[in-house]
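Letter by letter, the chains look like this.
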Amino acid sequence: MTSAVSFKQVSRHFGSVRAVDAVDLEIAAGEFFAMLGPSGSGKTTCLRLIAGFEQPTAGSISIFGERAEGVPPYRRNVNTVFQDYALFPHLNVLDNVAYGLMVKGVGKTERLKAAEEALSLVRLPGYGTRRPGQLSGGQRQRVALARALVNQPKVLLLDEPLGALDLKLRENMQEELKSLQKVLGITFVFVTHDQGEALSMADRVAVFNDGKIMQVGTPEDIYQRPNTRFVADFVGSSNVLPPDFVQRYSGQHRWGSLRPESIRVSSATSGDGVAARLVGTNYLGATTRLALDADGLRLHAVVPAGTSLPAEGEAVMLTFNRDSLHLMDEPA
Amino acid sequence: MRSDRGQSAPLGLKIAAACGLLFLHLPILLIFVYAFTTEEKSFVWPPPGLTTQWFAVTWNRPDVWDALSLSVRVAAISTAIALVLGTLCAAAVSQTRFFGREAISLLVILPIALPGIITGIALRSAFALADIPFSFWTIVLGHATFCVVVVYNNAVARFRRTSGSMIEASMDLGADGFQTFRHVVLPNIATALLAGGMLAFALSFDEVIVTTFTAGQQQTVPIWMLEELIRPRQRPVTNVVAMVVVLVTLLPILFAYYLTRDGDQIAGSGK
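In the order they appear, the protein sequences are chains V and W. Counting in the numbering used here, the first sequence runs without a single skipped number right up to 332 at its last residue. Counting in the numbering used here, the second sequence runs without a single skipped number right up to 271 at its last residue.
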């Protein structure tokens with residue numbers, strides 16, 4: 001099957017800055033794909049390369065088998081939901097949604113009907129006569145979504161669309177986007193710096209750093225089996241363990257990743273385990289995050305709230321299953 | 001800080017403010033009054049009698065009509081040129097980054113910062129050098145230099161407040177460059193262009209200095225008025241024309257002010 005989006009050795013350099021550096025990427029049709037990374041890691045530039053706002057310095061991009069270089073944004077069957085929504089302030093909501101059909105020359109009654117349907121799809125029926133300025137952030141977000149979907153794109157690009165929403169609204173929108181994608185079957189490419197968002201929504205996640213893709217995989221892959229220290233640390237703040245430490249427990253001289261929730265903390269002072277000292281506790285509601293010092297190595301553990309804890313500064317014993325210690329090939 | 005509403009300003013300050021306002025606006029009122037005087041050789045106060053005959057006299061003077069029509073045509077065409085060039089320049093400066101951008105921005109604004117007499121002399125010597133005879137079009141060129149600035153300033157301010165991603169959104173939704181300009185850019189800068197255009201029109205309409213250097217035998221309204229003041233013949237006609245000029249220039253400026261007044265909200269910054 002043809003990939004929805006395919007990058008072959010794609011680079012985008014701005015002067016001496018390598019925003020995207022020799023990236024290979026295959027996004028399958030109908031997939032919910034997340035691009036995750038810190039700001040400046042090249043994920044948004046990748047999205048703009050797919051949309052056509054940027055042209056690659058080197059390499060080739062194809063969208064559903066068609067070469068995309070040199071094709072302007074308005075001739076690509078790809079639509080974008082912008083980070084700031086970019087609604088047109090001089091048009092009402094219905095005309096905003098119908099804009100794509102209007103410039104394609106679709107007749108007035110037909111395009112307004114399609115726009116009204118798109119508004120129902122994002123659960124904003126009857127909001128057509130309002131101005132974007134009269135809507136809340138969450139509603140503008142939905143209008144931007146409807147405006148993109150009304151064109152029936154083959155690929156929908158979402159550039160941190162939930163960044164400006166408050167937590168509760170963001171969680172609702174996450175679920176809605178996910179179910180919308182299932183219903184429509186459109187390929188969604190989602191850019192975010194929020195690892196929780198990427199893990200909970202995406203079928204597959206690409207982790208970006210410094211213009212390169214560090215790892216591509218299912219959320220489980222990325223979380224349980226990070227291949228580099230960067231991925232381990234960026235996704236879920238794993239404990240990155242140096243080779244000397246790992247060798248003691250696995251016999252192999254390799255870097256290791258140990259999830260904070262895999263560590264059990266007991267106040268025993270002898271026995272099998274890693275001797276450490278509790279240096280701080282952070283109450284997070286459902287869980288408590290512990291800062292530990294194991295002979296100079298700083299570790300974090302997450303325990304359920306309500307667990308009885310030794311006082312700060314006291315010696316503790318850390319244990320974990322050998323299985324949960326994940327070994328990484330690249331030290332980078 | 002806002003002063004308390006109930007507390008009134010001291011009397012001295014009130015008198016000073018009233019004197020200032022009177023000083024500014026009393027002479028204008030005097031001009032209006034003299035339009036109705038019966039004395040035609042010189043301006044005497046108080047007017048010996050009041051009459052409306054000068055409106056009829058003015059109406060029947062062909063030189064007044066010539067001057068008015070020339071001024072209106074010059075102002076209209078300079079404004080039209082300024083609208084096209086000013087908008088293009090503002091779009092280039094605010095939407096893209098290129099070498100010399102700040103310099104271009106400064107050079108465009110310079111004609112309004114320079115004394116009009118410098119612009120006038122520069123244009124006159126340039127026309128002489130290029131062997132261009134003085135005509136309607138040399139006046140238009142002279143006026144366009146400062147009209148462009150007014151349009152440019154208005155347009156550039158609006159472009160800065162228009163979110164750049166709106167243009168990308170339009171392209172993304174399938175609109176090419178022309179459609180994007182027509183359906184997104186133009187509606188968003190329209191009021192700024194209207195305001196800039198009206199200011200430009202008003203500026204051009206009462207311009208004297210640059211016009212004296214770039215006009216040949218033609219007389220625009222301000223030049224005609226200067227000539228009239230030297231010849232004491234039917235003097236109140238000048239005052240009637242002055243009243244018309246005040247109305248023609250004041251109304252567009254007031255309208256332009258109302259158009260750009262509530263420009264605080266940023267177009268397209270949807271958050």
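Note that these hints are calculated values from the structure, not bench results. You may find that some hints are simply not true.
Unchecked claim - Here are the computed distance ranges between Cβ atoms for each label pair: (1) W/LEU247 / V/GLU69: 55 to 61 Å; (2) V/ALA58 / W/SER135: 45 to 51 Å; (3) W/TYR258 / V/LEU284: 50 to 56 Å; (4) V/GLU69 / W/ALA128: 53 to 59 Å; (5) W/ARG101 / V/SER60: 29 to 35 Å; (6) V/GLU176 / W/TYR258: 40 to 46 Å; (7) W/ARG101 / V/LYS168: 40 to 46 Å; (8) W/ILE109 / V/GLU69: 38 to 44 Å; (9) V/SER60 / W/SER135: 56 to 62 Å; (10) V/VAL17 / W/ARG101: 18 to 24 Å; (11) V/THR109 / W/TYR258: 50 to 56 Å.
Just so we're clear, the structure is a prediction, and the values are computed from it rather than from any experiment. Just so it is clear, CB atoms sit at the ideal spot from N, CA and C, and this is done for glycine as well.
Going down the list of hints, with the structure as the test:
1. W/LEU247 / V/GLU69: 55 to 61 Å: Roughly 60 Å apart at Cβ, these two residues keep to the hinted range, so it holds.
2. V/ALA58 / W/SER135: 45 to 51 Å: violated, 57 Å
3. W/TYR258 / V/LEU284: 50 to 56 Å: Because 55 Å falls inside the window, the suggested range holds.
4. V/GLU69 / W/ALA128: 53 to 59 Å: The hint (53 to 59 Å, Cβ to Cβ) holds, given that V/GLU69 and W/ALA128 are roughly 54 Å apart.
5. W/ARG101 / V/SER60: 29 to 35 Å: At roughly 33 Å between Cβ atoms, V/SER60 and W/ARG101 fall inside 29 to 35 Å, so the hint holds.
6. V/GLU176 / W/TYR258: 40 to 46 Å: holds, 43 Å
7. W/ARG101 / V/LYS168: 40 to 46 Å: holds, 44 Å
8. W/ILE109 / V/GLU69: 38 to 44 Å: 40 Å Cβ-Cβ, so the 38 to 44 Å window holds.
9. V/SER60 / W/SER135: 56 to 62 Å: With a Cβ separation near 59 Å, V/SER60 and W/SER135 satisfy 56 to 62 Å, so the hint holds.
10. V/VAL17 / W/ARG101: 18 to 24 Å: holds, 20 Å
11. V/THR109 / W/TYR258: 50 to 56 Å: violated, 37 Å
Checked against the numbered hints given earlier, the structure breaks hints 2, 11 and satisfies all the rest.
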